[in-house]
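**Student:** Listed below, chain by chain, are the residues.
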Amino acid sequence: MIRAWLMQHGFVFFLTLKRLIATPVTSLLSVIVMGIALSLPTGIYVLMENLSSISGQSASSPQMSLFLKLDIKKEDIERIKQRMEEDSQIVSFQFIPKDAALHQLQQSNGLADISASLVRNPLPDAFIVHALENTPENLEQLRVAMQSWPEIEHVQFDSAWAARLNALLKLGRFIVLMLTTLLSVAIIVIMFNTIRLQILTKRDEIEISKLIGATDSFIRRPFLYFGAIQGLAGGATAWLIMTLTIRAMNEELGTLAQLYDFDLQLQQLSPSDSISLLSFSAWLGWLGARLSVASHLWQIEPR
Amino acid sequence: MIIFKNVSKRYPDGYVALNNIDLTVESGEMVFLTGHSGAGKSTLLKLIAAIERPTSGTITISGQNIAQLKLGAIPYLRRKIGFIFQDHKLLFDRNVFDNVLLPLQISNFDNKTVAGRVRAALDKVGLLKKEKAMPIALSGGERQRLCIARAVVHRPSILIADEPTGNLDIEYAQDIMSMFTSFNQVGVTVLIATHDASLLKDAEHRILSLKQGKLAV
Ligand SMILES: Nc1ncnc2c1ncn2[C@@H]1O[C@H](COP(=O)(O)OP(=O)(O)O)[C@@H](O)[C@H]1O
Ligand SMILES: [Mg+2]
Numbered sequence: 000m001i002r003a004w005l006m007q008h009g010f011v012f013f014l015t016l017k018r019l020i021a022t023p024v025t026s027l028l029s030v031i032v033m034g035i036a037l038s039l040p041t042g043i044y045v046l047m048e049n050l051s052s053i054s055g056q057s058a059s060s061p062q063m064s065l066f067l068k069l070d071i072k073k074e075d076i077e078r079i080k081q082r083m084e085e086d087s088q089i090v091s092f093q094f095i096p097k098d099a100a101l102h103q104l105q106q107s108n109g110l111a112d113i114s115a116s117l118v119r120n121p122l123p124d125a126f127i128v129h130a131l132e133n134t135p136e137n138l139e140q141l142r143v144a145m146q147s148w149p150e151i152e153h154v155q156f157d158s159a160w161a162a163r164l165n166a167l168l169k170l171g172r173f174i175v176l177m178l179t180t181l182l183s184v185a186i187i188v189i190m191f192n193t194i195r196l197q198i199l200t201k202r203d204e205i206e207i208s209k210l211i212g213a214t215d216s217f218i219r220r221p222f223l224y225f226g227a228i229q230g231l232a233g234g235a236t237a238w239l240i241m242t243l244t245i246r247a248m249n250e251e252l253g254t255l256a257q258l259y260d261f262d263l264q265l266q267q268l269s270p271s272d273s274i275s276l277l278s279f280s281a282w283l284g285w286l287g288a289r290l291s292v293a294s295h296l297w298q299i300e301p302r
Numbered sequence: 000m001i002i003f004k005n006v007s008k009r010y011p012d013g014y015v016a017l018n019n020i021d022l023t024v025e026s027g028e029m030v031f032l033t034g035h036s037g038a039g040k041s042t043l044l045k046l047i048a049a050i051e052r053p054t055s056g057t058i059t060i061s062g063q064n065i066a067q068l069k070l071g072a073i074p075y076l077r078r079k080i081g082f083i084f085q086d087h088k089l090l091f092d093r094n095v096f097d098n099v100l101l102p103l104q105i106s107n108f109d110n111k112t113v114a115g116r117v118r119a120a121l122d123k124v125g126l127l128k129k130e131k132a133m134p135i136a137l138s139g140g141e142r143q144r145l146c147i148a149r150a151v152v153h154r155p156s157i158l159i160a161d162e163p164t165g166n167l168d169i170e171y172a173q174d175i176m177s178m179f180t181s182f183n184q185v186g187v188t189v190l191i192a193t194h195d196a197s198l199l200k201d202a203e204h205r206i207l208s209l210k211q212g213k214l215a216v
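Protein chains in written order, with numbering that gives the first Met the number 0: chain L, 0 to 302; chain P, 0 to 216.
Some hints here could point you the wrong way.
[Said to hold, decoys possible] Listed below are the simulated DSBU-like cross-link pairs for lysine-lysine, each with C-alpha atoms no more than 35 Å apart in a straight line: (1) L:K169 <-> L:K80; (2) L:K201 <-> P:K88; (3) P:K129 <-> L:K201; (4) P:K79 <-> L:K17.
[Unchecked claim] Partial list, derived from the structure: chain P residues whose beta carbon lies under 8 Å from chain L: (5) I50; (6) R52; (7) F82.
[To be verified] Calculated Cβ distances over 12 Å to all of chain L for the following chain P residues: (8) I2; (9) K4; (10) E28; (11) E51; (12) Q67; (13) R77; (14) R78; (15) H87; (16) N98; (17) A150; (18) H153; (19) D174; (20) G186; (21) H194; (22) K200.
Think of the hints as simulated: they come from the structure by calculation, not from any bench. Glycine included, C-beta positions come from ideal geometry on N, C-alpha and C.
With the hints as extra help, turn the sequences into a complete structure.
**Tutor:** Have a look at this one:
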């Protein structure tokens, strides 16, 4: 039973490949159109992924620096620590004593001379606070609240740029979503029409098959395979376009990097993203074919 | 066994093609259905394969009521029947072999045995040498025999032929009739519709005659 079933599907699979190859120009054109359509949102997605990995952790976890007053006492520091532990808005914090800060300053280039000449340590004690990821309003509230603590001289919101980047990434994700939706609909429509034409040209075959006992699923199967395989090929084309584009961009970035002495390389689509792309495009093709078959096959009733 | 009870068929345009038909065909029987063109022969045969549905009455085939058959069950009914259509319904984009192969592909036959079955069916109708030919290159008689091969390749228990000797000359027609007789001899129930009275002269089988949608006694 299962063997017969597998054989049946294998047979339809090869039949579909044959059909695709039988009309090479049409098939190739549809595949290229689908590939280009899919490569647009994929491309933006890849850029987004790269941008958010460059911006690193800070983009997702907002950070604030708390500078304490200079005349602060040990008990005050303990009190602040306790207060922070109780605050649900604060994920983690790190105390940076002024000696450590000065030491770090002395390490850094150019400033070593200046800091060595200092008689007294002018730096305050500080905390670095990682806040819960949250709305800008809530973060601002937290900043104001901490600013009002008596031991605090100044709260600096480090993540203003990160917040902007986050907003940008959000916008980018929205654009990816929009493009994906619109182009998916376009691909489904293309497939719908391709299958409609195929059904028209195979009218006799469908009618005769029905007359001699073909089930609906038997008649549907080659069209669904066609849709899925063509969709898959479209996805593979998009993948290829992306991979080659990123490789070319990385070469350009490489020469730039030499000139300006920085190191920036774009990441390719991850294996799991690649698999998602391929299965999504296959599914789109299948869906277009399925809708077309559902709305056209019933019209062919043998007489 | 095929049983018609009070079967009527009115087409959507209002024309009554069959009017209150009562009829029993035993399994293993061979029956002729005659009548002028337009008498309702094709309609009656189509009802058996659920190609048309009756307006009223019941049609029972081996205990199953065809008149009430769900759409999903129709393909399995048709696989029990070999149908030779009045207008042939051959696929002109594939060769003789592939035309005969179609019923086997449809019913999921094992790939290993299908080629043998197709050739056996082609052999029975004398078309073995033409398996690579396209239907367009066949003569009228050869096309008719191709239809027969396709109808019997899956070894149905009921064989239905609608005007199988249509425009053939008399020798060819007799040739084809003897094929049906030999299928009947191995136990297949055979129903043949024909308006060609010359075929029936020396037939020793039951003859049903239709007149304007009614069975004449
Ligand atoms: N699909 C149809 N719609 C309307 N009338 C039909 C249809 N099919 C057949 N008829 C009519 O039903 C009558 C019987 O047709 P048919 O069964 O084909 O007769 P026969 O096969 O004996 O020549 C004819 O008058 C024909 O015009
Ligand atoms: Mg007729």
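**Student:** Which of the listed hints are not met by the structure?
**Tutor:** 6, 11, 13, 14, 15, 16, 17 and 18
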